[in-house]
Structure formats: structure tokens, C-alpha cells
Amino acid sequence: MALAGRLRRFAWLYDLGRRIHLRYTHSGRLLVFVIVVSAIIGIDMNRSFSYQIFTIVFCLLFIAWLVTLRRGQSLEVQRLAPELASVGQTLRYRLRIHNDGDEACKAVRIQDTLKEVFPSAEEFQAWRRQDSRRENWFDRRIGYPGWLRQLAFNRGGDLPSAHLDEIGPGETREFVVEFVPGRRGYLNFEGVFVGHSEPLGLCRYVQRQSLPGRLLVMPKIYPLPRVVLAGGRHYHQGGVSLAASTADAAEFHGLRDYRAGDPIRNIHWRSFAKLGEPVIKTWEEEYFVRHALVLDTYGEERGSRLFEEAVSTAASMALACNDQELLLELMFVAGQAHSFTAGRHVDSLHGMLEVLACVQPEPATDISILTQNVLARGHQLASVMCVFLSWDQSRRDLLDGLRKCGISVTALVVTDGHGEKAVQGEDGQFLLSMDHLATQLVQVAARITEGGP
Amino acid sequence: MKHRFALMSGIISLVWGAASGWWPVAIFMALGLELPLLLRRRLYVSDKDFILFSKLLMLIMCLLFLGLLIDEPRDGLPNFITWMPALLSLLVMIQVWSEQGTYPLRAIVISLVRSADYTGTAWPRAVDLRMLFFLLTLVSVSMNLPEQGPWFVLFAVLIAWLIWRNHPGRRRPGLWLAMALAATALSQTMVVGIDSMHRRIQQHSAECISEYWARINARQTHTAIGNIGRLKLSGRIVYRVAAEPGHKRLLMRAAFSSYNDGTWSVDDHRFRILQQESDSGVWLLQDDAAKSGEEMEVSQQLRRGAGMLILPAGAYRLRISGDAEVEANSYGATRVQYDQDRINYRIMFHDAFATSKPPGVLDRLIPDEYNDVILETAQQLGLAELPPEQVVTRLQAFFRDNFSYSLEQRAPERGQSFLDAFLRQRREGHCEYFATSTTLLLRAAGIPSRYVVGYSMDEYDDTLDRYVIRERHGHAWTQAWINGSWQTLDTTPAGWQIADAMHERWWQGLYDVFGNIRYLVARWWDQDDKGLAFNITALLVALVLIIYLLRRLQGGGISLRWNRAGDNAGQSAANDELQFREVLRCLEQRFGRRPPARPVRTWISTLPLDGDGGQIEILTTEFYRLRYGEQADAERVAGFRRQVQAWLAGPGKALLTAPADPPV
Numbered sequence: 002m003a004l005a006g007r008l009r010r011f012a013w014l015y016d017l018g019r020r021i022h023l024r025y026t027h028s029g030r031l032l033v034f035v036i037v038v039s040a041i042i043g044i045d046m047n048r049s050f051s052y053q054i055f056t057i058v059f060c061l062l063f064i065a066w067l068v069t070l071r072r073g074q075s076l077e078v079q080r081l082a083p084e085l086a087s088v089g090q091t092l093r094y095r096l097r098i099h100n101d102g103d104e105a106c107k108a109v110r111i112q113d114t115l116k117e118v119f120p121s122a123e124e125f126q127a128w129r130r131q132d133s134r135r136e137n138w139f140d141r142r143i144g145y146p147g148w149l150r151q152l153a154f155n156r157g158g159d160l161p162s163a164h165l166d167e168i169g170p171g172e173t174r175e176f177v178v179e180f181v182p183g184r185r186g187y188l189n190f191e192g193v194f195v196g197h198s199e200p201l202g203l204c205r206y207v208q209r210q211s212l213p214g215r216l217l218v219m220p221k222i223y224p225l226p227r228v229v230l231a232g233g234r235h236y237h238q239g240g241v242s243l244a245a246s247t248a249d250a251a252e253f254h255g256l257r258d259y260r261a262g263d264p265i266r267n268i269h270w271r272s273f274a275k276l277g278e279p280v281i282k283t284w285e286e287e288y289f290v291r292h293a294l295v296l297d298t299y300g301e302e303r304g305s306r307l308f309e310e311a312v313s314t315a316a317s318m319a320l321a322c323n324d325q326e327l328l329l330e331l332m333f334v335a336g337q338a339h340s341f342t343a344g345r346h347v348d349s350l351h352g353m354l355e356v357l358a359c360v361q362p363e364p365a366t367d368i369s370i371l372t373q374n375v376l377a378r379g380h381q382l383a384s385v386m387c388v389f390l391s392w393d394q395s396r397r398d399l400l401d402g403l404r405k406c407g408i409s410v411t412a413l414v415v416t417d418g419h420g421e422k423a424v425q426g427e428d429g430q431f432l433l434s435m436d437h438l439a440t441q442l443v444q445v446a447a448r449i450t451e452g453g454p
Numbered sequence: 194m195k196h197r198f199a200l201m202s203g204i205i206s207l208v209w210g211a212a213s214g215w216w217p218v219a220i221f222m223a224l225g226l227e228l229p230l231l232l233r234r235r236l237y238v239s240d241k242d243f244i245l246f247s248k249l250l251m252l253i254m255c256l257l258f259l260g261l262l263i264d265e266p267r268d269g270l271p272n273f274i275t276w277m278p279a280l281l282s283l284l285v286m287i288q289v290w291s292e293q294g295t296y297p298l299r300a301i302v303i304s305l306v307r308s309a310d311y312t313g314t315a316w317p318r319a320v321d322l323r324m325l326f327f328l329l330t331l332v333s334v335s336m337n338l339p340e341q342g343p344w345f346v347l348f349a350v351l352i353a354w355l356i357w358r359n360h361p362g363r364r365r366p367g368l369w370l371a372m373a374l375a376a377t378a379l380s381q382t383m384v385v386g387i388d389s390m391h392r393r394i395q396q397h398s399a400e401c402i403s404e405y406w407a408r409i410n411a412r413q414t415h416t417a418i419g420n421i422g423r424l425k426l427s428g429r430i431v432y433r434v435a436a437e438p439g440h441k442r443l444l445m446r447a448a449f450s451s452y453n454d455g456t457w458s459v460d461d462h463r464f465r466i467l468q469q470e471s472d473s474g475v476w477l478l479q480d481d482a483a484k485s486g487e488e489m490e491v492s493q494q495l496r497r498g499a500g501m502l503i504l505p506a507g508a509y510r511l512r513i514s515g516d517a518e519v520e521a522n523s524y525g526a527t528r529v530q531y532d533q534d535r536i537n538y539r540i541m542f543h544d545a546f547a548t549s550k551p552p553g554v555l556d557r558l559i560p561d562e563y564n565d566v567i568l569e570t571a572q573q574l575g576l577a578e579l580p581p582e583q584v585v586t587r588l589q590a591f592f593r594d595n596f597s598y599s600l601e602q603r604a605p606e607r608g609q610s611f612l613d614a615f616l617r618q619r620r621e622g623h624c625e626y627f628a629t630s631t632t633l634l635l636r637a638a639g640i641p642s643r644y645v646v647g648y649s650m651d652e653y654d655d656t657l658d659r660y661v662i663r664e665r666h667g668h669a670w671t672q673a674w675i676n677g678s679w680q681t682l683d684t685t686p687a688g689w690q691i692a693d694a695m696h697e698r699w700w701q702g703l704y705d706v707f708g709n710i711r712y713l714v715a716r717w718w719d720q721d722d723k724g725l726a727f728n729i730t731a732l733l734v735a736l737v738l739i740i741y742l743l744r745r746l747q748g749g750g751i752s753l754r755w756n757r758a759g760d761n762a763g764q765s766a767a768n769d770e771l772q773f774r775e776v777l778r779c780l781e782q783r784f785g786r787r788p789p790a791r792p793v794r795t796w797i798s799t800l801p802l803d804g805d806g807g808q809i810e811i812l813t814t815e816f817y818r819l820r821y822g823e824q825a826d827a828e829r830v831a832g833f834r835r836q837v838q839a840w841l842a843g844p845g846k847a848l849l850t851a852p853a854d855p856p857v
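So the protein sequences, as listed, match chains A and B. Numbering-wise, the first sequence is residues 2 to 454 according to the numbering used here. Numbering-wise, the second sequence is residues 194 to 857 according to the numbering used here.
No lab work stands behind these hints, which were simulated from the structure alone. Hints may contain errors.
[Stated by the list, open to error] Which stretches of chain A does chain B cover? Using the computed rule of at least three CB atoms under 8 Å from a CB of chain B, they are: (1) 29–42; (2) 51–65; (3) 156–169.
[Stated by the list, open to error] Part of the chain A face toward chain B, derived, beta carbon under 10 Å: (4) Asn-47; (5) Arg-110; (6) Arg-174; (7) Leu-203; (8) Val-207.
Computed from a predicted structure; not experimentally measured. For every residue, glycine included, the Cβ atom is placed at its ideal position computed from N, Cα and C.
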């Protein structure tokens, strides 16, 4: 309850700060600060003339605020933003602003906003557990800076404001807004605040324009050479077209003359009509390569850097393995077991990256659901690449189970170690340091390809 | 003088100097803040150095604040605010002399100190402290102005100047002036109203305030008898006494004879001036005093050079060095007027001497309201039949065996007085209950008696080799006239000092450390034999400490170095920034000045550059990478420099010579 109360106070304080920031210019904000200071010091009027400063500043802000009550000029804003971005990479988009009014607006400030998602008490506690390394004694005691960081993470970043000296009547101007998305997944734009200064330059007329929008932020991708995975072709009942689901189908092979006993449903009716004799379609059962990419989501908190690097590793590897002749199946557990297949016209790799962009960690530590799901598909798979967040007996058992099925297995264990070179473990797994993933993944990709077919 | 802060910092510093009287400091501040406008030399200051300076300054500010607070608790904050601009100006000086010209936010916001990279957040990377400095200095100025003067006009002009120079957009002078005048007129009305309200409040509260101040004089003393709740005791050190250790004494501040409704008072309010012995700094408190006796030295903080002295029983000689005026009343209370706020005095005393007049009628009087309970108790104890010495013994035994010490005070039953409840029912209380009851019971036994307030010497500080007397050592006891002299009688149960010490605050130890340092410095300062050698030693020690602190805080060498603005020979990223500044200057000449708050990249993206836009974009991106990105190698820096020079020689030059477009 105490924490919930504290979070409410944080939210109130944050909202107050945001309002002051929107409502007052830089000079105005400093004068607000001076009001507080001079009010405290000026209480003892026998010792100080601060109360005179207080009255002057107060009246200046009051007059400025009074003027802003008059309806300001109508400014219309349009957002021209892409649909995709990448975490950690600068995203640029444009804001187009048009002055509908018949007067020029001076000192215009445009602030685009992302939707705020206030953390619950449980989320905040979980965040502080993994954010504590960044905190000093002051943050630990107060908690507000950490809460602000979590809020910024949930929001996906902080959009900078754009400034304009003046925009004339009927004039249209464009700005480029640049920001770095701070997390994967969907970021939701909410609206745009447009403010322009009153003549004293202390307060702003502020109008909010609802401008909803959505932006998908992909995980960070490390550039890797093409990876050729080991493993042979397998028979897949149902063929490529339904490889991702169920059914019974085969690949069309060719035509031949009718022989007695051929099923009528195989008659190629067009050729029959053309030649006057029945022609039969022949079919061939399909054999193709199917790989699995298993992502370990267990035991990490949301926003954990280790987990983010594991997702980036999976995404980078998925792109490096991209081949139109094979199927790549992504498997992970987030609440329940998920499986997503891409390649051979089933679905594009973009879809898989979108799934990876939204995957969240699983608080549980028991990986049995993942193990069952992967082993159940074992007979269809040529090879499995696992991206693990830790290395223990249950993960070792998963790899052993796959090897018993004759499947080629590669395990990448992302750790918070500091070694600059990837280390190959005794069980064949690669131990990677999340601080040097860019170079280590290149080494691993080369090693996997060398050991491939 | 194009800069929006030109002259502002310098002028406000001089105004501060005029108000505080610290002209040399103010001139140094003004020069330090304004010279960068005239000189081209700048200091390369890394973020690490900024953080170091901020930490150091914060440390100095904290120490100064604590020191001022200890020196004068009531005036600590105002004194600190007076000094604050001088310290804050150091921070601003580092900013204006640095190549960056701004102060990194992470150096002043504690939460960001560890966050080297907070790009992509709403925090600005760096801030300009000059406007904040201007306003805080103005507030500081307001603390030190004389009573009469056109201060309102001064404040209004300076604030108007500030907001005019920092207007975010293009100004409309007519409208701006009209609004500013309206605000000034309104605020003038408010000031008159506030002044009037303040006078009325002062008038109404004058009586209460005078009652409050009456508590500390020698005419009367209000006891806490009748108050409800827990007595709050302060651990602040008020006296330091050099005396033979082990001889715990009670030091009298004042004695009283009349008791009425929780207040002890005296009938004779007059103080007579004591004459010192032929300007020797010695005052005789007893005319017929002997030349031998014990001696103690008391160090005391006075309020505006005046205060009551504390004296042991039998004090007969007082020695004060310096210009002082000593007065005493007939009850033995002594007060002093001194030319400083700190006084050291030596007292000679002998138990055989009495410092107050013989008893009068008031010293035998029992107030009517307490007659019943006092006489009944005296009767129960059989005091009337006993000789004076045995009365004292019986009273001591009575209070020791039947009463206990407590700071908790509860309300008595309806219609019952506090003293009644203390003697008949509760039988617990603090020293004022015991002293008052004893005084009145002695009178009931026919022994003249007085109520005395003062301090108990109880806590010996081995490091200072002195007794320290805290506010909580304040005590009350009784003087009884027995065998022709005033005898001290303290019936408060032993151990009351320990009970009071239990409530000491946890920070008292830290407070004492600063208080002792301040006391030692003051004592050294008062000494006449401090020599040049000692001064130089102290200075050297301070310098060594500062250098050590600097190196410890930084964890390595200091990376400050002087660079010439626009110098292309430097290898640092900061120099590359200066080089790129030439590009910006070129663009500003062509398209007008970049708004101060707008990022470079955003501003460039709004310029109509046509064919040159792509090249500028590449340069900007590379500049950002070199300035804010990972450490670049020398080859890359050199490549960037070549690109900039090529642009300046080609498209840049063409841009400047092309016919002007309408402004963007």
C-alpha cells in the first residue's frame, strides 16, 4: 500500500512537471522556481526584501498566464512517420505544421507524445531489482529517478520537442523529429502538443491535437555472414503449403497418359478436353529442410539487458539463416508455447522479426513446456539452434533429447560475462558475452557454417 | 556584445558586491564571468572534470552551510544565502571558460552522474547556468539591502532586463512593455498590501514576542510546570568550561524569590554596573573577597554581544579580556555587554562567599493557592519541629525515597494544581517540580529559600579538556538560608542527566564535531601569539588537503588544458566541434542565427540548402558521431577535418557569395 501511494505521488509529480514544461518557457520555468525560493526566504520580511521579488515575478507570470487564456491561433499538425524502426537506432520522421489562423504565431513549440504506461507496484519492484546497478544512494532512497527510467522504457523513448521562431498565417512548415527507440515492440503515438509563446515570453498557449499512430520497433540486429545450418531433408506430410499447419498434400510433379485403375480425381481435365484422351496428374511427396530457432525466455525481468541481447541474437541468427529453400521455425514460451514458421512461401522473415519484436520474458524458471514442445517437433527438424539465457541441467537435457533424435544442435548461451572471445563449452554450446556479441556472433556464425553440410 | 547574457552576470555580481559589502569578491566574480566575452582562450573541460568540480563545490557548500548553522542557528540560512552567489559563480565561471560553453546536466543532477549516455531521453545534455545564477543572486541581494531605498525599482528593472534578453521568439516591444508595466503596477500594489498586513501582524504579535523574550531575562522565569506532553531537550552545546575534572558543580544563571502560577520572579529588577579594577579586566563580585580560591574559565556565545553569565556558588572575582560592561542584581545574577559575540571569562570562587543579598520577606512567602498542599506535606514530614540542618536532610530523603524523575507531564485531575498532583499523587516530574516544591517546603519550615536556575557541569570532554554544557544540562535547584549563608540544595533524584541524555538525537555527535572545530578555530583566533609560521602551516595543510581531495575524487590526473577557440591543430573531439563551428558560422551568415534552444541537426534540416544539403547532412552526421559517439581514431578525425575544409573552401564559399534568399 505504501508503495502504491508512493507511485501515485510519483505520477502526480511527473504530471505536474510535464504540465509546467508544456505551459512555461525556459524563462517562465526559472521564474516559477524563483517564486518558490523567494516565498520561502521572504517569509521573514524584517530580514529580506525577497517578498518584493516574489510579487514582481508572481505578477509577471500571472499577467502572462492571463493572456494565454485567450484562444490562441489554430495550428494543425500532421505526422509523417515510418511504420518500422530498430531499437537503439535513430529514427527520423517529419511533423508538418500548418497555421490556419490569420495571425503569425511566435516561439512555437511542438511536442509529439508517446502513450504513457504507468508501472504497477509489482512491475516497479521487478524493474528496480534489475535497474539497481544504475542507481546511487539518492535514487535508492527516493526511487523517483528509477521510476522515471521505467516510465521512459514503457513509453519507448522521449520525443524531443521542435521549436520555431515564427510561423506566418497560412504557412506550412516541416520538422524532422529524431529519437532513439528505447525498447522493442509497438510504440503508440498519442497526440501532439502545440504551444506558442505570449508576448512576455514566459507562458505558452497550449493546444493538444489527438494524433494516434503506431510504430513497430524491431530488435537490434547484428550484421552476420550467411549461416549454413547442418542437417538433411525430411519427409513432411502435408508438403510445404501446409507445413506450418496440418493436412495431407503433395507436390505436383507432371502429366502422363491414363492407366487403368488411376483415380478419376487425378484426371487433368483441361488436357483431357484438349487431347480427347484422359491425362493423369502425377504427384511427388515432398522432402525439405526444416530448422528450428529456440529462444529461451525464462527467468528474466522485463527490460533485462541479457534478455534483450538474447532476442537480438535470435533475430540476427534468423536473418543470417534466411534461405528460401528451407523452413525456419521460431519456438519460445511466453505465457504459453508459441511457434512461428517462415520460409518457402509459408511466411516472410519479416513476420518472424515482428514476433521477436514483441516477445516478452517468462518469469517462471521451469523450461519443461519448451522442452516438450521442441521434442514433439523433433522428427520434422533437421537442426535446432537454441539461444539460452543460462546453462543448467534442464537445458542440457533438452539438447541431449534432441541429439538422441539425430538432430544437429547448436546452443548459444548469452551471459553477462566479459570475455571478448566466444568460448565453446564442453557440451558443444557457445558461451557469449552480452558486451561483445557483435564480434562473437560473427565468430560463431563462421564456426557453424564450417561444421555445416 | 551580441550574446544574450552579455554583461548580465557581471552587473548582478557587482550589485551583490554592493549589497553584501564584499567588493573584492564581487569584482573577481564579475571579471571571471564577463572576460570570456572578450577573450578567445577557452579551457577544455571533460565531463569528468565538470563532475569533479560540482562534487567539490557541493562539499564546500555543505560544509559552509553546516558551519554557518552551527555558528548562528537562527542566521545560518540567511548567511548561507548571502554567500551562495560567490560559490555558484565558480560553477558558472567553469561553464563560461569551457570550450563547451554549457554545463553538463549529469554533473549537477545526482541521478545522472552514473548515466554517461542519456541521449534519447527528455534530459537535455547540457544546461546554461547563467540565468539561474542571475536570479539566485538577485534573491541573495534582497537579503542584504539597507532598509530604505528604491529596491522595488531595482528588482523590477533587473528582472525585466532578464526576461527581455531571454525572450524565446521575435519580440513585440510595444505589447511586451505594456504587459511588463501592468505586472509591475500590480506587484507594486501587492507589495503595499503585504507591507500593511505585515505591520498589523507584527503589532498583534508584539505582546507574545515580548513574553517569549522575557523568559530569558533575570527578572522572571517561566517554568514548564503546567505544560503537558514530553519536554523537548536540545543537545546544543552552550558553554564550555575549563575546570578541574571531577568537581561537578552547579552554575547559577539567576535566582528568584516569588512564585506565582508557574512563574518565578524577583521584586528588585535593577542591575547595578560593576566597576572593574583600574582597567585590568577584573571585576570584583565580592568586596571583601580573599585572594585564594578555585578558578574556572567559561566560554560562551553571546547574542548580539549581550547575555547572562553563569557563575558557581561563591564567585568573587571575574576576569574578561576586552571591552566589557558587567552588571549584577541583588540576587547574584550577572550579565555582560561585550564587543564580540563570543566571550571567555575566568571566575575565581570560594564556597564560603555568598553572592546575593540576605533574605527578605518574599523569600519566606508561600503563595495562597499552594498553602494547603505545602503545609500539609510539611506537617506530614514534621518539618516545623526540626532544626534547619535536619529539615534539609529530611527533604532530601523524602524526595529521594518517594519520587522519581520524568520528562513526561500529564494533566492533573479537574480542580487540582500541578504541584498538588506532583506532591500528593503522581510523585514524578522534572527538576522544576522538585526545586519549586523544595523551596516552598523550606519556607513552610520557616527557612528562607530561593529558586535558582542555571546549568549542571556534568559532561567532561577529554579531547577539549573541558566540561561541555548543553542546553539539556539546564537545571533548577534551591538556595536555603541556613546559619547565616545561602546553601545550595538540589533534591532532584540523581541520574536525571542520564535520563535526559537518553533522548539525545543521533546526529548530535556530528553536530558536536563541527561545533568543536569551530570552537578550536575561534580559540586559536583569539590567541595573541599566533604567528606567521602557524598561518603558513595552516595554509599549506589546507592546500595539500584540497589537492589530495581533488585527486581522490577524480581518481587520476586532471585533464584541463587551454585551447584557442577555432584552433585547428588540436586532436580532441572538442576541437572538431570548433571546426564544425566554422560550418555553422557560415550557415548562420547566410540564413540567420540558429535559435539557441534548437539542435544543430534540426536547424540544418530546415534550411533550404538544395544541392548542398546532402553534403552538409553527411558532415553533420560525422560530427555527431565524433562528438558524441565512440572514440574515433586519428585517421577518421583527419578525414573529417579534410571534408570540413573542402566544404568551407567550395560550397561554403559559394554559399556566402550567392545572392540572398528570403529568410527562412
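Verification of the supplied hints:
Against chain B, the stretch 29–42 of chain A contributes 7 residues with a C-beta closer than 8 Å to a partner C-beta. That satisfies the three-residue criterion, and the hint holds. Under the rule that three or more residues need a Cβ within less than 8 Å of chain B, the assignment of the stretch 51–65 of chain A holds, with 13 such residues. Check result for the stretch 156–169 of chain A against chain B: holds, 7 residues qualifying (beta carbon to beta carbon below 8 Å, three or more required). For the restraint placing Asn-47 of chain A at the interface with chain B, the shortest Cβ-Cβ distance is roughly 8 Å, inside the 10 Å limit, so the hint holds.
A distance limit of 10 Å between C-beta atoms decides the matter here; for Arg-110 of chain A the minimum to chain B is near 8 Å, and the interface restraint holds. The interface hint given for Arg-174 of chain A holds, since its Cβ lies 8 Å from the closest Cβ of chain B, which is under the 10 Å cut-off. Annotation: Leu-203 of chain A was flagged as interfacial toward chain B, and the flag holds, the nearest CB pair being 7 Å apart, inside 10 Å. Hint status for Val-207 of chain A relative to chain B: violated, with the closest Cβ pair at about 14 Å, above 10 Å.
Comparing the model with each earlier hint shows a violation of hint 8 alone; every other hint is respected.
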